[in-house]
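Visitor: Below, each chain spelled out in residue letters.
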Amino acid sequence: EVQLLESGGGLVQPGGSLRLSCSASGFTFDNYGMSWVRQAPGKGLEWVSSISGSDSGGDTYYAASVRGQFIISRDNSKNMVYLQMNSLRAEDTATYYCAKDAYYNRRSHFDYWGQGTLVTVSS
Amino acid sequence: QSALTQPPSASGSPGQSVTISCTGTSSDVGGYNYVSWYQQHPGKAPKLMISEVNKRPSGVPDRFSASKSGNTASLTVSALQAEDEADYYCCSYAGSNNLVFGGGTKLTVL
Numbered sequence: 001e002v003q004l005l006e007s008g009g010g011l012v013q014p015g016g017s018l019r020l021s022c023s024a025s026g027f028t029f030d031n032y033g034m035s036w037v038r039q040a041p042g043k044g045l046e047w048v049s050s051i052s053g054s055d056s057g058g059d060t061y062y063a064a065s066v067r068g069q070f071i072i073s074r075d076n077s078k079n080m081v082y083l084q085m086n087s088l089r090a091e092d093t094a095t096y097y098c099a100k101d102a103y104y105n106r107r108s109h110f111d112y113w114g115q116g117t118l119v120t121v122s123s
Numbered sequence: 001q002s003a004l005t006q007p008p009s010a011s012g013s014p015g016q017s018v019t020i021s022c023t024g025t026s027s028d029v030g031g032y033n034y035v036s037w038y039q040q041h042p043g044k045a046p047k048l049m050i051s052e053v054n055k056r057p058s059g060v061p062d063r064f065s066a067s068k069s070g071n072t073a074s075l076t077v078s079a080l081q082a083e084d085e086a087d088y089y090c091c092s093y094a095g096s097n098n099l100v101f102g103g104g105t106k107l108t109v110l
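Protein sequence lines correspond, in order, to chains D and U.
If you read the first sequence in the working numbering, its first letter stands for residue 1, the second for the next number, and so on.
If you read the second sequence in the working numbering, its first letter stands for residue 1, the second for the next number, and so on.
Looking at chain D on its own, in the form it has when it is part of the complex (with noise of 0.2 Å):
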C-alpha cells in the first residue's frame, strides 16, 4: 500500500524559512518522481514543484511563481522528498501536498498523495 506522510509545517513569520519532509512508502521510491501540491484555505489546487526519479538526486521543476524560493530534494537512502521554503510569504500559507507522480520524469498525474501539511506564513 502507497503512503506519503508530510511533515514539517507551522507557523513561520514573513521572510522566514521552512523545510518539509515527505516520507515514502508502499513502492519502489527510486522510480518515480514526486512532487508537491499546495492549496491556500478556501482556494484550488496549485502545483508547486517536482523532482524526476533517480539513482542520484534527480531533475527539479518549479512552478514560476515559487522558482528561485523554494528547493525541492530527494534522498532515495531514505525514501524521503523534500520542500526547502525561503523567504515566506503571506501568500505562501496553504496545506502543502506531496504527491507521488506516475512516471519516472513526465509531468502528467498524481496517483497517491498524502493528507497534507499545513503552512502558516504570519506575523
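Think of the hints as simulated: they come from the structure by calculation, not from any bench.
Predicted, not measured: the structure shown is a model, and the values here were computed from it.
Treat the hints with care, as some may be off.
Unchecked claim - Derived DSSO-like pairs (lysine-lysine); straight-line CA-CA distance at most 27 Å:
#1 U:LYS47 with D:LYS78
#2 D:LYS43 with U:LYS47
#3 U:LYS55 with U:LYS68
Start from chain D and add chain U according to the hints.
Guide: Chain U alone, transformed into the frame defined by chain D:
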C-alpha cells in the same frame, strides 16, 4: 500559466448524470493528452479519478468517465450517488514541465 477554467458549481439528483467542463488553451488542454481529474472531499486529500484524458485507475467506479475536445476536457459522473458530492479539479500539462490546475468545481448531489 493561467488556471484552467471550470464552473464553480454543478449539481444533480441521485441517479442523474452531470458533466463538468475544464477549458484551457492549445498550450495546455488542447496541446497534450495529459489531462487528469481529482476528487476532493472536505478536509481530505485529493484522489485521482481520471488520468491522461480518459483513463480510469483501478478502483474508480465506471460511473466516472472523461473526454476531451479541442481545448476543453470534460468529466461525466453518471448515476450520481451521495458520496460523489465533492470538489473536482482538472489538471493539464502545460508544456516546459509545467502543470496547471483548474479552479475546481463543487459538485452537489441534490
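Visitor: For each hint, tell me whether it holds in the structure or not.
Guide: Now for the hints, and whether the structure bears them out:
Under the criterion of a C-alpha separation no larger than 27 Å, the hint pairing U:LYS47 with D:LYS78 is consistent with the structure, at around 25 Å. For the given pair, D:LYS43 sits about 17 Å from U:LYS47 by alpha-carbon distance, which is consistent with the 27 Å threshold. Proximity of U:LYS55 to U:LYS68 is assessed by CA-CA distance (about 12 Å); at most 27 Å being required, the pair is judged to hold.
The structure agrees with every numbered hint stated previously.
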